[in-house]
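Enquirer: Here's the letter readout for the chains.
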Amino acid sequence: MYDIARENRLPDRVGIGYKCQHFNALMEAPGPVHWLEVHAENYMGDGGRPIAQLRALSERFPISVHGVGLSIGGEGPLDPEHLARLRHLCDWLGPASFSEHLAWSTHGDHFLNDLLPLPYTEATLARVCTHIDTLQEAIGRQMLLENPSTYLAFENSTMDEVTFLSEIAKRTGCGLLLDVNNVFVSATNQNWDPVAYIDAFPLAQVGEIHLGGHDEEEDEHGAPLLIDSHGREVVDPVWTLYAHTIARAGAKPTLIEWDTDVPDFPVLAAEAARAASLLHPATA
Amino acid sequence: MTQRDFTAAILDPARPVPEGLTDPQGRPALRRFNVYRNNVAASLTDALETGFPALLKLLGPDYFRSLAALFLRAHPPRSRILSHYGAEMPAFLAAFEPLAKYPYLADVARLELALRRSYHAADAAPLATGGLDPAALMALTPRLAPATMILSSPHPVLGIWRHNMDPDAPRPAPRAEAVLIARPGFDPVPHLLPAGGPALAGALDGRTTLGLALERAVAAVPGMDVSAVLTLMLSTGALTLSDTGDTP
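Listed in order, the protein sequences are those of chains G and U.
Residues in the first sequence are numbered consecutively from 1, following this note's numbering.
Residues in the second sequence are numbered consecutively from 1, following this note's numbering.
Since the hints were derived computationally from the structure, they do not count as laboratory data.
One or more of the hints may lead you astray.
[As the list claims (entries may be wrong)] Derived list of chain G stretches under chain U, where covered just means 3 residues or more per stretch with a C-beta under 8 angstroms from a C-beta of chain U:
(1) 21-31
(2) 67-80
(3) 110-118
[To be verified] Residues of chain G placed beyond 12 angstroms of chain U at every Cβ, according to the derived structure:
(4) Tyr2
(5) Glu233
(6) Pro281
Since this is a predicted model, take the numbers as computed values, not measurements.
C-beta: ideal position from N, C-alpha, C; glycine also.
Can you build the whole structure from these sequences, using the hints too?
Expert: Take a look at the structure:
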């Protein structure tokens with residue numbers, strides 16, 4: 001079995017999702033940013049600027065590799081070619097952490113480039129665990145599995161999301177990536193209590209926390225429908241939920257995600273500083 | 001509900017929401033399902049806009065997005081690496097009846113795909129010619145660097161691309177054009193490739209000497225300006241002696 005403290009070498013500090021326009025700022029004056037997360041699929045080319053930047057950044061920062069395309073929840077087997085690409089990236093980069101999503105994105109030949117939802121059933125549980133075993137064996141290390149943002153419910157689900165994720169961690173030895181914004185988004189969309197979700201979550205298995213912004217819409221019945229957009233600041237209720245999480249879990253590596261309408265570096269640095277003030281209140 | 005049903009409904013907005021998906025009260029969930037439809041369409045449209053900036057300028061944002069909506073349903077990505085997305089765009093445009101009056105669009109798409117491939121290609125040390133006398137140079141057996149791309153078009157494809165990417169670029173002249181894309185550092189740059197350039201590029205395979213390759217190119221294109229072609233290829237770092245380039 002994997003030991004989360006030994007496998008996951010990210011510091012208990014704040015990182016940001018890397019965007020190439022912030023390269024110079026990060027190399028010159030990273031401020032409150034202590035580590036970076038990159039999307040695995042953006043670094044699978046043969047060379048050029050993306051690979052050169054990642055090499056340079058990895059000499060200065062711990063790097064978390066975050067896969068967005070493996071389709072761990074897919075009905076079919078994992079793509080052996082993609083597993084080999086992930087292994088190659090982990091081999092040459094030696095990242096401090098590797099994570100992926102509880103979701104699916106590929107069916108047959110078609111890659112849909114979104115994190116699509118799963119029913120929480122015994123059959124899904126068995127399949128996801130098999131896929132995680134395969135992945136962990138392929139990359140030779142523990143992975144962290146991220147809780148999703150969801151927008152609708154499956155009639156055939158037989159267990160709640162926290163039970164489902166806890167069971168995966170228990171069976172596969174994987175760690176968990178707790179996206180606090182996703183908890184807030186899903187809880188709002190699904191009528192769950194977000195605090196109860198955090199309180200039931202197996203926090204000892206958490207190797208990383210995500211924070212990001214979401215958009216607010218409504219469904220056809222006038223119920224709030226939150227969309228996980230990663231395109232704006234973290235909202236106050238999510239900061240509150242994060243503070244509650246840290247109070248229970250202790251300090252954890254925490255990432256600010258901002259993937260669309262990416263702002264200038266100082267805006268991201270301000271979000272990172274706000275996270276740091278909650279993560280280590282004594283030193284802020 | 002299977003993932004096959006879900007996928008089909010994502011890609012075809014006319015299909016109903018698959019069975020078994022509801023809101024928390026068990027009611028039908030069209031708006032909620034549409035979040036996934038929108039995410040897929042918006043993210044793939046973004047990828048196409050990023051990948052085809054000159055096409056976006058040529059067609060205008062509204063037309064481009066409508067075209068993207070048709071394209072992404074006809075050709076959802078087959079690779080999880082999104083920088084590969086859109087390889088079918090030239091053929092899609094060539095067969096797209098409403099744009100039949102603009103046959104150069106497919107070649108502009110081909111040029112933009114080649115620029116993207118060049119950007120992600122392996123690094124390779126450019127052929128260094130400093131201090132070599134002409135005989136020694138002609139005895140070398142270079143090949144195109146991994147980031148070097150060659151493209152020939154019956155249309156002024158580079159002129160059209162430049163005119164859309166740079167407001168100060170002149171209007172394209174009506175003519176056939178060949179293009180050499182070289183990547184001296186990290187940014188691919190397209191150059192007009194004089195006649196005979198594609199023939200020389202085709203003859204450089206890493207085993208043939210530069211001298212013999214030039215002879216073959218001149219035989220194929222007797223009027224070629226050897227000096228102009230060679231100067232362009234050497235000055236832009238388009239050639240290398242490396243077998244594979246440096247990959248991580």
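Enquirer: Among all the numbered hints in the text so far, which are the ones the structure does not match?
Expert: 1
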